[in-house]
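> One letter stands for each residue in the lines below.
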Amino acid sequence: MVAAVALEELQKRGISAEQAHEMLLKMMLIRSFEEKAEELFALGRVHGTMHLSIGQEASAVGLSTALARNDYLLNTHRGHGHCLAWYGSSPDLMMAEFMGKETGYCRGRGGSMHIANVDTNNLGANGIVGGGLPISVGVGLTIKLRKTDQVAAAVFGDGGANTGAFHESVNMASIWDLPIIYFCENNQYAMSMAFKRAFNIEHVSDRASAYGIIGVTVDGNDLLAVYDVAVEAVARARRGEGPTLIESRTYRWKGHSKSDKQAYRTREEVKEWQEKEPIRRFATFLGMSDEEREALHAQARQRIEESVVFSENSPEPDVADIMEGVYA
Amino acid sequence: MPEQNGHPNGAARELTVVEALREALNQIMAIDERVFVIGEDVGVYGGAFGVSAGLVQAYGADRVIDTPISEAGIAGACIGAALTGMRPVGEIQFMDFVTISMEQLVLQAAKIRFMFGGKATVPMVLRTPAGSGTGAAAQHSESLENWFVHVPGLKVVMPSNAYDAKGLLLSAIQDDNPVIFVEHKLLYKTKAHVPEEMYTIPLSKTNVARQGKHLTVIATSVMVQRALQAADILAGEGIELEVIDPRTLMPLDDAPIIESVIKTGKAMVVHEAVKTGGFGGEIVARIMESEAFGYLEAPVRRVAGLDIPIPYNRTLEMNTVPQVQNIVDEARKLVKGEY
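As you go down the protein sequences, you meet chains A and B in turn. For what it's worth, this note's numbering labels the leading residue of the first sequence as 1, then goes sequentially. For what it's worth, this note's numbering labels the leading residue of the second sequence as 1, then goes sequentially.
These are calculated hints, taken from the structure and not from any lab test. Keep in mind that the hints are not guaranteed to be accurate.
Heads up, simulated DSBU-like pairs for lysine-lysine below, C-alpha to C-alpha not over 30 Å straight-line [what the hints assert, rightly or not]: (1) Lys191/B with Lys119/B; (2) Lys258/A with Lys275/B; (3) Lys213/B with Lys191/B; (4) Lys144/A with Lys119/B; (5) Lys36/A with Lys119/B; (6) Lys147/A with Lys119/B; (7) Lys258/A with Lys271/A; (8) Lys196/A with Lys258/A; (9) Lys119/B with Lys189/B; (10) Lys263/B with Lys189/B; (11) Lys213/B with Lys119/B; (12) Lys191/B with Lys275/B.
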């Protein structure tokens, strides 16, 4: 099933053919979840807003595969992918949360921008750009004080890299050698503000040197490339050598949120990036035929359909419980 | 009896607020490895007002962490550590600087538990010195407690004396919620009897600091001390003030306040923070909404800071926030039916 060249590449990394298919399936699951989310929104079956990461799936799966089950994740508002890729994630509980149901990860109180599962060290998506960065410092301190070999991954975007919180957090993590992967998904736009207009440097990772840490830019649509840099960064962190700044260069295919007319970019640009599509790219690398790939993708779509059924059959939160969860 | 603990000779053991807070930190750090202190100059310097002096020598730099000038980072570090099982005690050097931490405190610390469906806890304390009276002018003298009262998910504690400071801080550290712990700078050197043993004062338990029958005075922080002094003065004129100290502003235990107003028929709120949008408005509203309304014999008055930034000049500064004489004058008018 897997091409010889690919098999060799996978073996070098200690990834089995079966694991590679799981990684591919995870990307397809993310894609299917988000396409379904968009559809449900268009049909008026969910309210609010959402931030889709279609086109960025390799970033999420590459990072999570490099981390271990007891590591920590701090996620962004565009976080469906990282959440689904995380250990033990349930599409049912995610979809139920998205649909505001009591059975959702956050009992319908959080929604798309706040999905968390603290029991599995998924410390949550964040509605504030860069909002998870200061929190990562505390997670790093916990690991350091407990003397475990855990690592925290703090995901943020090119927008988050321009907040003051980024500076404070990366500096603190650096001076204390905290085991944190600062994972910047540079999807080229902070809402409408293009990366090139918001930065006067070539790479977000150039900023690493200002904090005395290693920075690296990687093709965020290349699953194994993302995995490779993440593995290196995780190893450094586990050795006590402090944080790494990874810039995963990718592209957001859809608008910022549901109300984006996308006047700030051209169709040609979007099309250009769509040709670098990560799912087909990895499937082709594995030597899969179109039929084989489609068959696997159909499995992912089916799983997401099941999650919709689960969610639709789930109860709404009870208004009588509205005050719950404010205080412990 | 707490008075006798550790004092075979029966003499009351007195500590300042600074010493009481330090003793609380020392005692809890000795028995709970999850507790650590983090903030600007909290290590060798001992904290801007000396509260953490000696802790770094006792517990090491890993648990008494000096930070860069990064107030958002300090707040975030507390949140992340609390979320993963620690019990951090952060210090924001002056309450004015919480402005830099607001995103983390208001949008993260306060909301994480609720947003995550009640499945996470953020057991952190953020200590911060507040208030005027030190000639530090407008950016080092603010009393911003009511900003936090307005944010569900946060608890807000303001001790008025050394005994309460120790017991409330120990409760705050053991509480599973984010607690903003506001310390008035003018109280730091004031002394009170403080037992040596570890003891807690429950949060959200309002204290009747002095009993009286003519007027209920609800005061916070340093204003509790001023109200008590005013009560001493007025006692000489036969006017008996009942002084009530909420100690925890949010969630507020308002029952003792309502009961007191039913008894006295008159009420006044005293706080240092600016009057408009201040905590006094909330207290007045709670009284008006309660059965105490029917017992009121006079308007409920607020004695609070002027609606201006804290000025530098000593005389202007003194005239910006309530002093003992202001409380005496207002209380006398209220009791004598001049409103």
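> Evaluate each hint against the coordinates.
Do the hints match the structure? See the list:
no., hint, in the structure
1, Lys191/B with Lys119/B, "violated (41 Å)"
2, Lys258/A with Lys275/B, "violated (42 Å)"
3, Lys213/B with Lys191/B, "holds (28 Å)"
4, Lys144/A with Lys119/B, "holds (24 Å)"
5, Lys36/A with Lys119/B, "holds (27 Å)"
6, Lys147/A with Lys119/B, "holds (25 Å)"
7, Lys258/A with Lys271/A, "holds (20 Å)"
8, Lys196/A with Lys258/A, "holds (24 Å)"
9, Lys119/B with Lys189/B, "violated (41 Å)"
10, Lys263/B with Lys189/B, "violated (35 Å)"
11, Lys213/B with Lys119/B, "violated (46 Å)"
12, Lys191/B with Lys275/B, "holds (28 Å)"
Checked against the numbered hints above, the structure breaks hints 1, 2, 9, 10 and 11 and satisfies the rest.
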